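**Q** If you want the building blocks of each chain, they are given just below.
Protein chains: 4
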Amino acid sequence: MRFFNEHVEDIKIAYIGGGSRGWARGFMSDLAKEPALSGTVSLYDIDENAAYDNEIIGNKIMSQAKVMTDWKFKTITSLQETLTGAHFVIISILPGTLYEMESDVHAPEKYEIYQSVGDTVGPGGAIRAARTIPMYVTIANTIKEYSPSAWVISYTNPMSICVRTLYRIFPAIKAFGCCHEVFGTQALLQKMIKDRYDIKVQDRNDIKINVLGINHFTWIDRASYKNTDLLPVYREFCQKYKEEGFISEETVHATYNPELGANKVKFDLFLRYGLIAAAGDRHLAEFCPGKWYLDDKDPYPVWKFARTPVSKRMDSYQKQLADTKSYVLGEREFKIAETGEEGVRQIKALAGLGSFITNVNLPNTGQMPDMPLGVIVETNALFQADSVTPVHAGKLPVPVQSLVMRHIYNQETLVEAAIKKDCELAFTAFINDPLVTLSLSDADRLYKEMLQNTSKYLWR
Amino acid sequence: MRFFNEHVEDIKIAYIGGGSRGWARGFMSDLAKEPALSGTVSLYDIDENAAYDNEIIGNKIMSQAKVMTDWKFKTITSLQETLTGAHFVIISILPGTLYEMESDVHAPEKYEIYQSVGDTVGPGGAIRAARTIPMYVTIANTIKEYSPSAWVISYTNPMSICVRTLYRIFPAIKAFGCCHEVFGTQALLQKMIKDRYDIKVQDRNDIKINVLGINHFTWIDRASYKNTDLLPVYREFCQKYKEEGFISEETVHATYNPELGANKVKFDLFLRYGLIAAAGDRHLAEFCPGKWYLDDKDPYPVWKFARTPVSKRMDSYQKQLADTKSYVLGEREFKIAETGEEGVRQIKALAGLGSFITNVNLPNTGQMPDMPLGVIVETNALFQADSVTPVHAGKLPVPVQSLVMRHIYNQETLVEAAIKKDCELAFTAFINDPLVTLSLSDADRLYKEMLQNTSKYLWR
Amino acid sequence: MRFFNEHVEDIKIAYIGGGSRGWARGFMSDLAKEPALSGTVSLYDIDENAAYDNEIIGNKIMSQAKVMTDWKFKTITSLQETLTGAHFVIISILPGTLYEMESDVHAPEKYEIYQSVGDTVGPGGAIRAARTIPMYVTIANTIKEYSPSAWVISYTNPMSICVRTLYRIFPAIKAFGCCHEVFGTQALLQKMIKDRYDIKVQDRNDIKINVLGINHFTWIDRASYKNTDLLPVYREFCQKYKEEGFISEETVHATYNPELGANKVKFDLFLRYGLIAAAGDRHLAEFCPGKWYLDDKDPYPVWKFARTPVSKRMDSYQKQLADTKSYVLGEREFKIAETGEEGVRQIKALAGLGSFITNVNLPNTGQMPDMPLGVIVETNALFQADSVTPVHAGKLPVPVQSLVMRHIYNQETLVEAAIKKDCELAFTAFINDPLVTLSLSDADRLYKEMLQNTSKYLWR
Amino acid sequence: MRFFNEHVEDIKIAYIGGGSRGWARGFMSDLAKEPALSGTVSLYDIDENAAYDNEIIGNKIMSQAKVMTDWKFKTITSLQETLTGAHFVIISILPGTLYEMESDVHAPEKYEIYQSVGDTVGPGGAIRAARTIPMYVTIANTIKEYSPSAWVISYTNPMSICVRTLYRIFPAIKAFGCCHEVFGTQALLQKMIKDRYDIKVQDRNDIKINVLGINHFTWIDRASYKNTDLLPVYREFCQKYKEEGFISEETVHATYNPELGANKVKFDLFLRYGLIAAAGDRHLAEFCPGKWYLDDKDPYPVWKFARTPVSKRMDSYQKQLADTKSYVLGEREFKIAETGEEGVRQIKALAGLGSFITNVNLPNTGQMPDMPLGVIVETNALFQADSVTPVHAGKLPVPVQSLVMRHIYNQETLVEAAIKKDCELAFTAFINDPLVTLSLSDADRLYKEMLQNTSKYLWR
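So the protein sequences, as listed, match chains A, B, C and D. Everything in the first sequence is counted per the working numbering, starting at 10 for the first residue and increasing by one. Everything in the second sequence is counted per the working numbering, starting at 10 for the first residue and increasing by one. Everything in the third sequence is counted per the working numbering, starting at 10 for the first residue and increasing by one. Everything in the fourth sequence is counted per the working numbering, starting at 10 for the first residue and increasing by one.
Please note: incorrect hints may appear among the correct ones.
Same chains, same label: a pair holds when it works inside one copy or across any pair of copies.
Here are the computed lysine-lysine pairs in the DSS-like style, where the Cα-Cα straight-line distance is at most 30 angstroms [claimed, not checked]:
1) Lys357 to Lys81
2) Lys69 to Lys344
3) Lys429 to Lys249
4) Lys429 to Lys153
5) Lys429 to Lys300
Quick caveat, the hints were computed from the structure, so don't treat them as lab data. As the structure is a computational prediction, the values presented were derived from the model and not from experiment.
Next up, chain A with everything else stripped away, as it sits in the complex (with noise of 0.2 angstroms):
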């Protein structure tokens, strides 16, 4: 890596779920767009196939006209090999294929358990969990022996999990987890003040937020836009569309996905608490007891988000794959265009052009000084050369701090749980989850059946 006249040169990333068809493409996007960064991005995935596609992909990206920086992508058969050396690497794997994620959100059904996504918490995180943390085992301790000095940036579901198990495994790990749900909240905020000033706010990085909490169960409890306070703001928000919602113009049109939602379940649980939650209300329903936000099959008529069939998201991959094709043929010209994520930006500051302040998931060294040391919590943190710094948090209220903490001890003990492979304790978890709000027998039942299903991936 070589740091001349404001560019970094000769970066080595390692992509590990590097077939990936919407998180990779996307990265190689941003990356086009980013004239000061060039060097080289290992591809390493299960599905080998999927990884040549991708390299092809992005050399045909980096290729086109108007792309002003150089990468080349380059396949990896060996995880060894693509981690040896890198400067970066980026984890974005799916655990398991789409037919054991139709169990995970499917299954618990029969017993009316509805998920609205069911990959971070619910009986269907649980069961990812279970499934996962053993792959995160075996890249942590590649990692530990190959890169043991790069950075780690982890986008894998269930985040804080993930997170979690590269710091039980390697503690010296530089590791952090990112997702993109607060931005969508700033951008909520951005709306909020076109809704109540008709302002318009060019750029959500100017809606200044205080974040805390875990991955999909964030929350905001300080946001200025200039020397204005939003909370009273947002509180009047909140009364004003507590009733119908709040679904903004641009999304309002034919293409209006209803999974978004309108923000109910945000607007219901700020009236409640006070502060502003910050995930999607998909997500957020998901981290509450099963009676508040997912007692229907179809929440849509009191709450005004839908769930996300498995199957929606067979569709779509079957839609990437033709895409695929036609990019690799050439058939079609892949758009760059950019993403809204941030994992350029912060590997850009990382390398020591700029700093900047954003939202990610670390452990605990005391940004929540009434969290437990060690468990993942989502802060603001300071990107600087070589080091990423977590910004003072604070405490949440007493009756949020519960609703999260119920979680914190259910990831702690299914990590604890995977590792020592140990099923009856990682069932101490699957029925402390508030969605899980079923007899003891008819938990067992179930989870039995949803561990059957995902077997495969389990631990030995």
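Since chain A is already given, all that's left is putting chains B, C and D on it; use the hints.
**A** Frame of chain A, contents of chains B, C and D only:
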């Protein structure tokens, strides 16, 4: 208070709730059996006649031939005067009447929420807390002014919330909360030893235990008899009786009270979590998610414990009234018998006569290092002259910690809400209770109804 | 305070110590250079005439042709009135006079205790604390009553003790303490880069640092310029200059002030502890055991820094008086120049104009997780609209932690003692100071003499 | 180990340092007086002949007519074999010889540093630590492999550092450190009661105390006899004897050993800090700044305690050699007498025979909430079957906390340095010791000389 020749004389005890027909008379009985202590007990009660009755009964007890000590009982109608000059304060009050308790326990049944006791947690516990905290605020303020250096022993439920209120209002108070549920678990271990080894352990204090958790949801993570580690023995015991339950021979007769249960909840919890839950099954069940042990109106068929309806308490109350009359009129002599409670033994140690270790409820100053400071925890403590020092209890396993912390957060919220007179804040604790598995709108309806039923005693 | 078109108008600033000839005028100068802010500064000083002089000087400054903003300066003779309605409060007072300071610095010399500044720690710092704390108690109480939501910037030494007192008296205060010593260390790193790479770093803010410790005994454990880790560079720099010291070319000329030193103490500390001590050598020396760097009346021959005698301050004071007169009379025009202080920049961010990170003194809420909560630590913090949020600073290595904690314990004791008016308690801090290497009887004699010399300003 | 009828048989004890002439024989003597225990003691010593001598002496003791129990003593020449199968491990070793100790104690005198014992803190303690830690590393590793579930009782100085090393190397070890200094302070309180009330307290255990701090610098903040609070009595006692000191009648005779002192240091510390310092004056003096109590080569004229020269230890050693010979040859019979040590009593409780409370050295798990976790603190603990549970000790007042923490930081540094074999790191502890009031260059010279004198035993 004079210490003389291994006796302590002129002890002044203030008894708040001095009209109590159960606890107060047990206490008198224990005093009568302890030759080393003597003095005066001031009886204060909002039901003055009840206090007068106890004054007569207490003084009659002391005049029984076999009593080798001397205590004077005297009704005092002002709380201030009762407390002035007291060396010890006992608080055992009934917050409200059995009519309020009827609502606490039975109002939630229309939403299929079944409580077995309804005085500690659950919707009933929350509402009982709401009317008890203001009474304890008054008591704490009066102690602060009139007997700041007295030792205060609290017996009222919800225990943790009462003791927490005392310390919130008067942080320098010397108070602790006492409960016999753990003693009952020691007794179960005695019976287990009989069952397994056919050895009769004379004294429950010979069963050495480490106690940690919160009142009525207390845990034992180490137990020994002589050099025998009792945890493996208990595991076998649980396996043996997990289906049928265990009812000891003494209690199996006609007089068997199904409310005492057959320990099936305790066995189930041990087999899941590896720790001995140290309270009666009726209490334990209420701290767990509602579907686990209280899913049915009658839990007996599955879990072999019965719920205690308030009608039964009302019957018992009528009987106590009749007994009282006959004691007062001298138609019957009150029978002095050891209660198994430790109040008098504690007073003796605090007065400088010996030292011993027992479990009590105290603010956490580090005895449970994973718990927030200040919350009320139940652990062993060393009683000596003018001091109660917690024994370091250690940490709960994470899955148990999660179950316990949920209640601690609720307790913190309920105390804060009652002090701030904030009904909406208290509602966040209400809906976070594991028995309240309702939609937000149903929870709201139930809460308002229950608050209405107890409105006479609420903060204003 | 009105926010309008990237300007903030009608700001009300209360300046306590408004007669100050150094800090107050620097502040006026910085205000004059900032076009985005305008408003009123109320000047309060126990020396009313000094405040009147500054009122005249300040208003004259604002009328200079090149000044593009507008501030009114006004003397107010009541502290209450000064504070009422203030958005910002500046405190820069001289506790007592230079006569008291003469005793602080020079009285200990008869016991061979040599202080280089004598205003922070050492026997002089302890006595200065004793007379400053009561003044800060008064100020804190008045702020609590008259401007509880104002932001308070404190410049007075002993810094940590002053800020601690503000929070002890009024825990909800929004106060922080500012000091430029760390900026000077950033400047040294700029010069180091020039010396090593012949690169001129334009802005000290381009040197990114992590700051931790306490005021005047602050440390840097991470430093970078672009992608260069500066710690290995600093190690070489220390090795190169550890004997002769390093004095930069700009400062080496005739005007060189030997009090600024040649960084030999800093180099010695780095080579022992591996961290950059981030204050002038004169300050650092006083925090270490007396035999290390202040064993001789003149430390220059060995350590290449000079002590600052109070006589020098008196001379400078006379010159300031003369300058003041000529400014007031309009004989000379006050020269507006950037001071390098950050007060105005901080006010700007707090008012909602931008955000930035700098080092300030704040109560520890977890930013230094090994330090007791509540004590004043100096770390980076994020300044934004109406908020100052510490950046997580981490832990000092144990040997440095020990040196620092000794002073923190003394600070805690001095504040406690002054509030309790307990001279004997304050004496335990006095004898625990690393410069006080005396027998108990000598220490007692010196302490009493020094207290006597400052008795006019002591608590009563 | 068999528990039978209130006896425990077949106990296996491994005694490391089994050739010890003082501690080992005292232990044998205590074993001989305890009828409830019997078994085997394996004696291991690098001086094998010394172990053989003790084997003979120990077996002779057990054959004395009045001894009602049976222990076999056997020399084992391999540490591994000694530990294999042990239920209890005793460690009482002399790290190095008296020649190394001569350097520890007397080498610093040329720099006017006078130590009274020189085995715990001060320059001597630091160097002794440097040669002891590697030995304890070896012992800890061997225990980890050969007797991981044994209880380990450590008597070696520097106590805190030895116990800390055991836990650093083998965190699951069941070890504690024992010392009789606090017992001596209880005895002083017995004498105080005699002096004040003319009452003879039979048993020092009737003096109830709360113990907190570190070994040899331990403090008592609560003390009672029956219902009498002893702290006000102790204050009067200090006032009465602060000038002349207090030497009890029993000890005042010809045999009076001036090293035991007259408690003037203890009285002075109480009058400054309000807590009872609970160790002999010789020890306490070494923990305080050098100028306080050890400014003179002979502290007796002012402070009435004498230093212990190593020559005296050498004389005593010669006498022990002669005694040994006569015991071994059977010329004299070893006189069985209670030592006042508690090792045998502790073994009895750990084996399941009864329970009691005493003060021991353990890692801080929260019993001293203001201390860092993991450091070794001395507090009360509850001894029961297979468990030692600290009693919550609470906090030291800040000024005492500062004096104590300085040593804890040094201990942490010395252990870290020895494990890392880092002489420069250990030097930072050396110069931070309160007795080392030297310039950095003198300190460096002394350190190197002392290290050289002990080089045979240093880490390599």
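**Q** Could you run down the list of hints and mark each one as holding or not?
**A** Results of checking the hints against the structure:
1. Lys357 to Lys81: Within one copy only: 17 angstroms inside, 45 angstroms across.
2. Lys69 to Lys344: within (11 angstroms within a copy, 61 angstroms between copies)
3. Lys429 to Lys249: So Lys429 and Lys249 pass the 30 angstroms test across copies only (27 angstroms; inside, 50 angstroms).
4. Lys429 to Lys153: both (20 angstroms within a copy, 22 angstroms between copies)
5. Lys429 to Lys300: between (33 angstroms within a copy, 28 angstroms between copies)
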